[in-house]
Amino acid sequence: MFAYAVRRILISIPILLIVLTIVFILVRVAPGDPARAILGDYASQEAVDALRKRMGLDKPLWEQYLEFLWGLARGDLGRSLISGVPVAKQVAYALPYTLELTFTGILIGVILGVPLGVYTALKRNRLPDYLGRTLSLAGLSFPSFYLGILLMLLFAVKLRLFPTMGGGTPGDPVDRLRHLFLPALTLGLIMTAYITRMSRSAMLNVLNEDYVRTARAKGLHEAGVVFRHALKNALIPIISVVGVYSVVLIGGSIMVEIVFSRPGLGKLMVGAMMQRDYIALQSIMVIYAGFVIVLNLLTDLSYGLVDPRVRYR
Amino acid sequence: MRRFAVLALIVCLGTFGAFGAGKFLRIAFDAADLKTLDPHLAAATMDRAVVDMVFNGLVRYKPGDISAPFEPDLATSWEVSEDGLTWTFHLRPGVYFHPFEGYPDGYELTSEDVVYSLQKAADPGRSAYAGEYTGMTFVAVDKYTVQVKLEKPLPPSLMLPKFADYAGGFIVSKKAVEALGDEGFRTHPVGTGPFMFKEYSPLEKVVLVANPRYFRGKPKLDGVIVYYMPSLSAREAALETGQVDIIEGPPEQPWVEKMRAKPGVVVDTFGPGECAVLHFNMSKPPFDKLLIREAVAYALDREELLYTVGPDIADPLCSPVPPLLPGGLTCDEVGPLRYDVDRAKAKELLAKAGYPDGFSIEVVISERAEYLIPMQNIQAQLAEIGIDVKLKVVDHSSMHTLIRQDVNPMVLYVAWRPNADVFLTRFYHSYSIVVTGKKPDTNFSHLGGVDADGDGVIETIDPLIEAARTELDSERQVALWKEACEDILTLVAAYPLYIKKFVYARNPKVDYGYELKSTLALYPQINELTDIAG
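Chains as they are written, first to last, in the numbering used here: chain A, 1 to 313; chain B, 314 to 847.
Note that these hints are calculated values from the structure, not bench results.
Do not rely on the hints blindly, as some may be mistaken.
In silico negatives: residues of chain B with every beta carbon more than 12 Å from chain A [claimed, not checked]:
1. D436
2. S544
3. S787
Derived CB-CB ranges, DEER-like [said to hold, decoys possible]:
4. A/A88 - B/E788: 36 to 44 Å
5. B/K703 - A/D49: 29 to 37 Å
6. B/D625 - A/R8: 55 to 63 Å
7. A/D58 - B/P412: 52 to 60 Å
8. B/A846 - A/D49: 17 to 25 Å
9. A/I111 - B/E828: 50 to 58 Å
10. B/P406 - A/R74: 36 to 44 Å
11. B/R573 - A/I111: 50 to 58 Å
12. A/R74 - B/P417: 35 to 43 Å
We put the beta carbon where it would ideally sit given N, CA and C, even for glycine.
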């Protein structure tokens, strides 16, 4: 398993390299000028040119590219063109907020989604099943920012239970939780929709298996059949869907951070995009890419934990 | 039982942790984060707002009214020498900088700080406004006296704005900049203003606290929290739920109407706003022909455009320099050069120019509503006389780059400039012609570089601009500027559309402490008089 993990990590290096080359090119292909963005349209061309030079944007592209790679190789993400703050520092500040948000979202999704999926599978083609399937289809079709605004209107504007903005006071866990609740619920509900559907179909598959009939035949009570025998075998596809959709959730978290005015990688990225902060943008994209690669790896490794038949070679 | 416990938990979480202690005014801007709080670099609205609260200039615009005479700020008085080449500013004694590391009580502002600050503002590597101070030298005569020496005399109308509470005129603490470095200063500004920088939470907010030693008296508020909230719906929700007191709005009519209809919300619209002007590229067909530009001018209906943009947030603009500034012209003064809509005449002119069936052009335009909506209306209006405008919508930053590369046959530009000289120089002086000018800037029409009316001579208003710049008699100066405006309109180098005001919504409990008509700070200025009732 260890050798497998190492090999997977090695394979992801060329993938990462391709991703960051594309990112490097993409952020620069769009017209727009970070120096102009920071100085505003009133600034004289001289001032803009001086700033471009100081930012190193007058250097040839290949030189900037090599600098970027060399920096990454040394673990240096560069300095934001706009604020001058090291990107690593910005990311270190924003990342916990994003992690806290996505992981709580996934957690809510699993806690709500798996039981709901099992339940609808057991009530197949009856009212709870139809209801569950309709709701989860609605969940799949909902853009995260829209759901976020709806939840905000209901819980924050009408009921005044939760704040609509900010990440909470650092060092005050209760306040952090209050600020986390609605954004995490937004992501969690979307995740619930995915997981419910997947758990339902995985459960339906195994419920028809011989060993389930055998378990029933030998007189096990229903809970034992469902949880010990059926669910355990349905877990592999469920875990893989959690893995896959966690990646989708990271995308959703960008919009949710904007809607709820939370600090985080998404807000950092959108800000960097609007201001053409090439350095911050490309480094944040690298972090996101790394995120996705790690998540996929963790998903693959977790198969072995739930299914002893899976071997890593 | 368990369900009840969960509910109870939710309610508990909801009730605790509301923001307590002190009278803090909270204002939310349309931005993901700050860019820079260095006053000599700050250009965006949310940054200028913080800068405005933290710093002072030598003189200041009257809060809420930029057309009033300048008031003393850090300088109590000023005078100019006989030859007009030396300006002397007398500093207010007993003004203290905000505390910062190493100076827990701040220190007294002296001429040394002022000279340092102005030199920084004049340095193109450390300031976006260096061009304003070319050819000036700054001398500390004694502790409380600063002299500015000029190469050529400047009238007060052009001199004082450079030393006011705007852009390069803000006075920074020399010791703080040296201690923190230029980079550090960007996120830790130290000035003399009513509010002091306290802390910055990246991507979220900046907290300012009242300066108890402010020379105009201790502020009524205990502080100001500036939030960065790029989502409009989030800002609305935050205002409605009382989590913030003032929000930046989009300058759009439907939004103004929607917010006005809400109880407990007041919408403020104020000037000077930004001038929307359509510039014609006279260096290439089809707008190299005067007849065609006149045709377009007669085809456009300002009233219709105003209606589209919104009567609450826009006033008609008929002159390249807005009438609010000395040298500008009102629509009445412009007279026939308003080119009141007359589409029959427009078609006639088109036919005379050899395009009886019109023509087709492609125009790059920003995706921002303030650009896209008026441009779509222009597109519809020009279709009436057979001109087919194809819009290529790009993001805002891209548009700013592309129009400076001279790709557009016509450019819609929405901006404010501090005075007639800057308006005319940056948009109509030959030096400022995009790409090919000596100091390429925002002269999109190429006025001064092309034969605009086909008489074989290159038309230019450079001499008028330059003469006005050094004209010490303010009446003659204004006359020169007005003449330049009329020339621009006669040649139809540009067609002024409207002046768009700024839009903010607030809790009615907020009392700015002055009458808000216009401000260069781009936000409803918060100062020592601002208060929240209750």
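Earlier hints that do not hold, by number: 1, 2, 4, 7, 8, 10, 11
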